[in-house]
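Given chain S, work out where chains E, H and Z should sit, using these hints.
Chain order of the listed sequences is S, E, H and Z.
So for the first sequence, the numbering used here puts the first residue at 435; every next one is plus one.
So for the second sequence, the numbering used here puts the first residue at 435; every next one is plus one.
So for the third sequence, the numbering used here puts the first residue at 435; every next one is plus one.
So for the fourth sequence, the numbering used here puts the first residue at 435; every next one is plus one.
Warning: the hint list may mix true and false statements.
Where chains are identical, the list cannot tell them apart; a pair therefore holds if satisfied intra-copy or between any two copies.
[Said to hold, decoys possible] Listed below are the simulated BS3-like cross-link pairs for lysine-lysine, each with C-alpha atoms no more than 30 Å apart in a straight line:
hint, residue 1, residue 2
1, K704, K668
2, K642, K446
3, K668, K735
4, K735, K540
5, K451, K753
6, K480, K753
7, K769, K511
8, K451, K540
9, K540, K445
Calculated directly from the structure, the hints in this document are not laboratory data.
Protein chains: 4
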Amino acid sequence: MKALVYHGPGKKSWEEKPKSELKETTDAVVKILKTTICGTDLHIMKGDLPEVTDGRILGHEGVGVIEEAGSSVSNFKKGDHVIISCVTSCGKCEYCRKGMYSHCEKGGWILGHMIDGTQAEYVRIPYADNSLYPVPAGSDEESLVMLSDILPTGFECGVLNGQVKPGDIIAIVGAGPVGMAALLTAQFYTPAEIIVIDQDDNRLEVAKTFGATHIINSAKENVQIKVMGLTDGKGVDTAIEAVGVPATFELCEEIIAAGGHIANVGVHGKSVTLHLETLWDRNISITTRLVDTVTTPMLLKTVQSKKIEPEKLITHRFKLDQIIEAYDTFEHAAKEKALKVLIEI
Amino acid sequence: MKALVYHGPGKKSWEEKPKSELKETTDAVVKILKTTICGTDLHIMKGDLPEVTDGRILGHEGVGVIEEAGSSVSNFKKGDHVIISCVTSCGKCEYCRKGMYSHCEKGGWILGHMIDGTQAEYVRIPYADNSLYPVPAGSDEESLVMLSDILPTGFECGVLNGQVKPGDIIAIVGAGPVGMAALLTAQFYTPAEIIVIDQDDNRLEVAKTFGATHIINSAKENVQIKVMGLTDGKGVDTAIEAVGVPATFELCEEIIAAGGHIANVGVHGKSVTLHLETLWDRNISITTRLVDTVTTPMLLKTVQSKKIEPEKLITHRFKLDQIIEAYDTFEHAAKEKALKVLIEI
Amino acid sequence: MKALVYHGPGKKSWEEKPKSELKETTDAVVKILKTTICGTDLHIMKGDLPEVTDGRILGHEGVGVIEEAGSSVSNFKKGDHVIISCVTSCGKCEYCRKGMYSHCEKGGWILGHMIDGTQAEYVRIPYADNSLYPVPAGSDEESLVMLSDILPTGFECGVLNGQVKPGDIIAIVGAGPVGMAALLTAQFYTPAEIIVIDQDDNRLEVAKTFGATHIINSAKENVQIKVMGLTDGKGVDTAIEAVGVPATFELCEEIIAAGGHIANVGVHGKSVTLHLETLWDRNISITTRLVDTVTTPMLLKTVQSKKIEPEKLITHRFKLDQIIEAYDTFEHAAKEKALKVLIEI
Amino acid sequence: MKALVYHGPGKKSWEEKPKSELKETTDAVVKILKTTICGTDLHIMKGDLPEVTDGRILGHEGVGVIEEAGSSVSNFKKGDHVIISCVTSCGKCEYCRKGMYSHCEKGGWILGHMIDGTQAEYVRIPYADNSLYPVPAGSDEESLVMLSDILPTGFECGVLNGQVKPGDIIAIVGAGPVGMAALLTAQFYTPAEIIVIDQDDNRLEVAKTFGATHIINSAKENVQIKVMGLTDGKGVDTAIEAVGVPATFELCEEIIAAGGHIANVGVHGKSVTLHLETLWDRNISITTRLVDTVTTPMLLKTVQSKKIEPEKLITHRFKLDQIIEAYDTFEHAAKEKALKVLIEI
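With the rest of the complex left out, here is chain S (with noise of 0.2 Å):
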């Protein structure tokens, strides 16, 4: 089968590989029909993941088509359109029983990463009956790629942890795929007012289509003063860091209403300075996650019912020959004004 394969850092191919098989009873190998890429993808090529090696395959979102199903499978068979998710679930271990299938002992994030990936005509799914959704008939499925990790990720570390409520002011930090996200099912929660911030105008007139109803270019204008602004001198409800980086944190902890949550979304190579000079007494939470999916089947419902979305955040298309063509737009995402570019057969 052809796939996109990782050389170390800033080398990949799109070559022969052999074709995906079952190696365990709870596997499930998947045909992929659609596919994307992910900024984390971009880290990897850029070798900040040296956990990766010469090899993988790499991708860990796609929709695709049960190929065959290991002998102890039972919620799939062959020919049952799924949903990959990012996060793979073993459904036994401590971790997964409570929910939190980040830390899965056996699973996590581990495709595209630690064992082959999505971006290939076949990939292999440990733990199937767990770590895939089923493609409802009739469903775009499209929208449906956003539900293996960027619409997870920006709902869960984000919105939930964030606690958005009715009425509240919330600020985005980092309008990117996830931040977008984020904004997308914020809205789910009806927020008075949604404040986008990101250095790219672009994104930030795209985040205004999509819900925004104050949007800040942190290049050009002093975020805190016209959050301050904006909220009567108290500071936002929640803060979503969606980018990663000190600078960004630390805005939101700027910004931060007393008895307000700060939603860490953003993967840190640093780290930051916590103010608790001036937060000690703030009555604040913070919090970081990596996403579980455990929200997948309620996103799942919101997407059947039209409730949000999510082929919004697709920008480009391409074919899954073309794969090494989709990379070269999303790392120019701001030149090619992208956000989620989508690949398929």
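Chains E, H and Z in isolation, oriented as in the chain S frame:
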């Protein structure tokens, strides 16, 4: 009346002051029966809180008897015995209505800080109906002094924010009075193990008699190694920071389990380093809080029903006119083996 | 002043009464600008609430302007526009402190019930600081009359107690004004489907324009069969009872899914049969509640930010001196296609 | 092997049956070391559960040792000591994923009900990975038999659903084994007072030794009057119904405080009268639940750390081949002063 008056860093005296009087119809004047000294009072004496000005009567804890109640006060009348809350609550503002009395627009922590306090023969209490609590008939009033500040602080900022649950393994970093209050009140939720960490062997021994199942002297042992040994390498479910310096907060970051809760109780004067590069995917929460004293009624019930014996925190007793001596003892808490010093008429 | 006065079952008149005056320093007198009639007022007129005595001015909803504020009132002053809450809260008692204003020891629902109400030119509001809410500048005051009772009732008793979540399928039994308020506010939480059940085709059609995804006329269709058809045979996640008779409550028992929530909003005059022989193992919750109006500030934010348009509930408009005619219309709500009748000066 | 076999109402025998065998790769066969009899077994013997058919081996509680594990079982291997949960969980269905194992699409309560159970020398356990729990080395295995059903039932259906909090006054109606389990586990949350109500003086005396602060014999005293006397006329914060007949449920309705929680634990065969005419405005919750056993890991930690001593529930001990005699004793529990009868090899 006699009062303990602050005269700038390092200077205090027990001196004559005009007797406290009603200023508003919602005030009460309380004759002090018992009071105590808080770590924060020592901070004020060091000059760490420049908003406290020369001439201020210190103190924010106490039990007393209503000397005079303003015309709008309806919950109390002359002669009633009351617990004075360290936090003043107007009961009418946005924050009070959501139980966040610490940020009351007209109150919060003002006693012995922005207005005269309880280390005196009399004290004026604003918004008496919402800032005082009735002493049940026949109570041990010594116990109840601990309800002014220390018990709700350990309980709300440490135990509740830390989400202590039956069967959990928790760590309390700092075995001073507030850490001890967290230790006592954490047991309301029946954790399996409580690890108390401090540098003072005496306090650690006392912690054991108060319910600690493990003690670690951080001056002598590698805390992280020892905690990991006690927790199967997972870390603790809840880490309560009750010191207020960077080293102890960062220790909490090192020993927290995936999915765990760091509850900050300490008053911090400096920023700390938050290791998001390792914590971003650990599904943790970090909370800060100035005590709201919203649990005082609940805590009072637990004291009345003998579920907790807060008088155990009292190690020394002084008369009101020995208060300078009481300060001396409390300032040398380690040497004097002091937790709380009770001061009574 | 003129007022609508109750003179025993079936008897009311628009007559001259002494102008409302302050009695306590915590009172305010409010000049009524807009008021409305509640289903409960009709119950009173039928004699169902014998505690309401001859001579009582009815009404517990309204928007007005402060005519005079008592000396202890600090949140409001003469000339301020205010929303009058149907529930009076002293802000000082055990119940008020835990947000259960409905059971306030000195207040609760007393307006137009135990004390004179809002269907008059002026009304005295006890504990004004905690029982009135400021009208933001530039607001549509018609909308805000709906915040006195109907919106918090539908929201607190129905939506919050019913734990409505994104993606849920919910049923609202009863499409009168309070059921409609639940319908509007349920959408804050983005349920996938909202099934509205009533016997009045007109109200069902209106429900559709307010966001119902399915309507069922229970006089014409078998509700249980239809609901099971819409829910894969599982039943609904939340059933909101907004009628108040045994048949509708028992219908909720029939259509609730395992793990679901029955939220009672209706005012019941008779006991109902609870089928524990089938429900004991269904993991359901049943809740009752007299509205606390604790969410009024949150609801006000959602109205201000146009997330909800409660003025849609107003079907008829009358002048204050046409109030007898307004009662006539509201008493024949089905024939008149009335939801809320607005009465204004 | 030998087994206790049901042969229709009133008929059972200790007889030879084919030894339990694996049927699916996810099964395990467990050799029983200790088992016990549940009140539900007595209901089956009376013919109250017609779905139980002639030839069924009864029993759904026990501790044993893995005799053989299916090829897909990964958490356990031959020789491991295990707790058998009364509820079988597949770990893969919609209900299992949200922690509602009681409604597992392929499991739930099936042992000794729809499939052969634990009152035998061997038992086949489906979905062994998710339906068995490891016995920690060195444990008292008698204690752990109580974790199969009775402790999670009292805890989940009674204490958790009843939202027991520190300082609360709670009532437990019914001092049988499950009521006693609620009594023991309620103390995890440190209520101020626990009132136990029953008609059997012996059980009430035992309840006192287990932590009841007040006991009421409902055959001899007016419960409502006595409870109101103990609660300042307010009623209890939580009422746990652990009997399963209309009279006891309605008693809970009479003694519940405004804002309180009625947690049904009892298995009901008849409908009850719900007095909504008095309860509609009392802000209460009523819950039902078939135990999910989702708290078994938490309960195991509390047993291991000696926070609870469930072996106190065991009043009688029999050998496995004396099981008919054990049934005799348990059927005459009042006369025999029996709570749980332990049956061991």
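Report task. Pop the pair K451 and K753 into one bin, within, between, both or neither, using alpha-carbon distances up to 30 Å. Result -> within (18 Å within a copy, 62 Å between copies)
* To do: At 30 Å max between alpha carbons, let me know whether K540 reaches K445 within a copy, between copies, both or neither.
  => Within one copy, since 29 Å is at most 30 Å while 48 Å is not.
* Can you tell me if K735 and K540 fall within 30 Å by alpha carbon in one copy, between copies, both or neither? -> both (28 Å within a copy, 23 Å between copies)
Cα distance capped at 30 Å. Does K704 pair with K668 within a copy, between copies, both, or neither? both (29 Å within a copy, 23 Å between copies)
Quiz item: What label fits K769 with K511 when the C-alpha limit is 30 Å: within, between, both, or neither?
Solution: neither (43 Å within a copy, 56 Å between copies)
inquiry  = Within, between, both or neither: how does the pair K480, K753 come out at a Cα-Cα threshold of 30 Å?
reply    = Within. Shortest intra-copy distance 24 Å satisfies the 30 Å Cα cut-off; inter-copy 67 Å does not.
Exercise for review: With 30 Å as the alpha-carbon cut-off, assign the pair K642 and K446 to within, between, both or neither.
Suggested key: neither (36 Å within a copy, 54 Å between copies)
Notebook entry, point to check: Under a CA distance limit of 30 Å, which applies to K451 and K540: within one copy, between copies, both, or neither?
Noted result: within (25 Å within a copy, 39 Å between copies)
- Message: Checking an output row: K668 and K735, CA cutoff 30 Å. Within, between, both or neither?
- Response: between (36 Å within a copy, 15 Å between copies)
When held up to the earlier numbered hints, the structure conflicts with 2, 7 and fits the remainder.
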